[in-house]
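Student: Start from the sequences and build out the full structure, keeping to the hints where you can.
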Amino acid sequence: MTDVADAGRSPARFRASLTGIGSVGITLFGLILVTFVIGRAMPIDPVMAIVGDHAPPDVIVRVRAELGLDRPLIVQFWIYLQHLAQGDLGRSVLTSNPVTADIARYFPATLELATTAIIIATLIGVPLGVIAAARQGSRFDHAVRIISLTGQSVPIFVLGLMCLVVFWVKLDLLPGTGQQDTLFEGMIPQITGMRVIDAAIVGDWDAFWDALAHLIQPALLLAYFSLSIITRMTRAFMLDALAGEYIVVARAKGLSARRILWRHAFGNITVPLITVVALAYASLLEGAVLTETVFSWPGLGQYLTLSLLNADMNAVLGATLVVGTVYVGLNLLADMAYRLLDPRVR
Amino acid sequence: MTADTTIIKRAWLTTDVPESRSQAALGRLYRDWLKFRANHLAMAGLIAIVLLFALALAAPLLAPYEPSVQDLANRFAEPSAEHWFGTDEVGRDLLSRLLYGGRITLGIVVAITILVAPAGLVIGTVAGYAGGLPDRVLMRVTDIFLAFPRLILALAFVAALKPGITSAVIAIALTAWPPYARLARAETLTFRNADFISAVYLTGASATRIVLRHIAPLCVSSLIVRVTLDMSGIILTAAGLGFLGMGAQPPLPEWGTMIATTRGQILDAWWVPMIPGLAIFVASLAFNLLGDGLRDVLDPKQR
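Going down the list, the protein sequences come from chains A and B. Residue numbering for the first sequence follows this note's numbering, starting at 153 and increasing by one per position. Residue numbering for the second sequence follows this note's numbering, starting at 660 and increasing by one per position.
No lab work stands behind these hints: they were computed from the structure. No residue lacks a Cβ here, since even glycine has one placed at the ideal position from N, Cα and C. Each hint should be verified, as a subset may be incorrect.
Between beta-carbon pairs, the in silico distance windows are [to be verified]:
id: 1; chain 1: A; residue 1: P341; chain 2: B; residue 2: V941; range: 45 to 53 Å
id: 2; chain 1: A; residue 1: I178; chain 2: B; residue 2: L926; range: 45 to 53 Å
id: 3; chain 1: A; residue 1: I178; chain 2: B; residue 2: R868; range: 32 to 40 Å
id: 4; chain 1: B; residue 1: V749; chain 2: A; residue 2: W320; range: 22 to 30 Å
id: 5; chain 1: B; residue 1: P738; chain 2: A; residue 2: W320; range: 23 to 31 Å
id: 6; chain 1: B; residue 1: E741; chain 2: A; residue 2: W320; range: 30 to 38 Å
id: 7; chain 1: B; residue 1: P738; chain 2: A; residue 2: D356; range: 46 to 54 Å
id: 8; chain 1: B; residue 1: G766; chain 2: A; residue 2: T422; range: 39 to 47 Å
id: 9; chain 1: A; residue 1: W414; chain 2: B; residue 2: P876; range: 39 to 47 Å
id: 10; chain 1: A; residue 1: I299; chain 2: B; residue 2: P723; range: 31 to 39 Å
Tutor: Now the structure itself:
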């Protein structure tokens, strides 16, 4: 979250930090190494977990050999890399499916949630930031500052629980947990994995509205989380832009205040804003872990938590690796968008 | 203290011609304080943090009950004169647990600051001053750790170690240092070719001495701002770990853990999970407000 602020505040430093695809490759390798080390450092012996405490010694030795755990660490790492290259993340103890298949099933739900959230956050956060900057020091500015500070300070799981009680239980305005009412369970085929879109494709509008109603609450919560960052950064960029000499020129030319604000000032901050939004999107993956737990949203975050609680290491490491990769990928995309759109960087 | 002495003191502090180094330093501190004091929100944050620390430190004196004493006949009691915030799922006094919980949360914050800020400072200044290969290697490692979402890396670490406060502190510390290293390095790069560093070098000072005595102190103020702003994120991550069952373990009165164990009862006794939730919010907001104010004073270019 804080890195988002950093990147936006000083594009030059940000650019220097990501020097292209080559460095991303090294970063990804580091990511794999870290997950591998975490997996080998755990105190739970995977052999004991399979054979039980009272297995005879020869069984333990055999299973250890089958898992390849009797080989040197460097060989184990090489095997791990080979499996990764084939898309093999091992098997989940909990679901007994390949971890890759599990992730493919759970990831679309997270994608649906995070994408909706980032769209809401951008649509609300950017105008708030622009207007706050235009009226710096006004009551509106202070209100926006307090809203965004609150968004950065409130534990998302507490707010989630509160919203569930108020909007679901007390007011009965919105449906509760999950991605869809049990009524529709199994009626919508899994096409994209995103229920709202799947229902629309099939043309089942009852299911569509139900899925949308389920989506809106967790999505709004997640949106609030990134809205505060987007608003703050938009405001800071706008203050910078409005202090520029070209704004004075535009004023002297007699252009309308609205045109100066949106066309001249805002037009110049769109490129760094794209970076901020992309990074905020990446950090939503993190917020999703807690939100999904509160709302029983069947996404990657919930999968990760369940695997954690059951010490299902293959699943934990697989999910960590996937989230980390997406995170790095989004960072790279943000950087590439920056290079592409800002002529000064070329 | 009479009005007379106050005026003399202020004149001494704000003089344009300080007679000693400490007078100049104190004068500067005083002027920063005046600027900071004018920011009401930041002052509110500072007061809240001082209060939180005082309450946590004095928990044994203030808590009306032992935080672990159960009273099964009196479960989920509503807030009353005996139990200001009511009781939890096994009849423990919520106020007492909240006070002791503050020790855990603030303890985590202090522990991580002590672990992470010096480490980031050293890595960043060394990388920045040394340049070349050490710089590239250190910054690459930093990038790798920056590439992970913090909560998720912390979760993976805790899962590999063992759920508990120590693991949570280690895990958060492992994910928290990279931004400080980057910041310290960026600051170092702006000083390393300055004339005063060359002057120190020419007097024969060793690289260690230059980094520790002349460069590192200059990075401290921006680091303080960054650490303060990060505290709220660390509090939220620690509480999130507790909430997911990966942080402090029950029966420890960690705020996030308290919410996790009672979230199922939110309909019957909403205050039991909500009061610790409010405590997390207040602590996190206080650090955000303080950090914001400090940034305005210590680091005006970053506004």
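Student: Checking each numbered hint in turn, tell me which of them this model violates, lowest number first.
Tutor: Result: no hint breaks.
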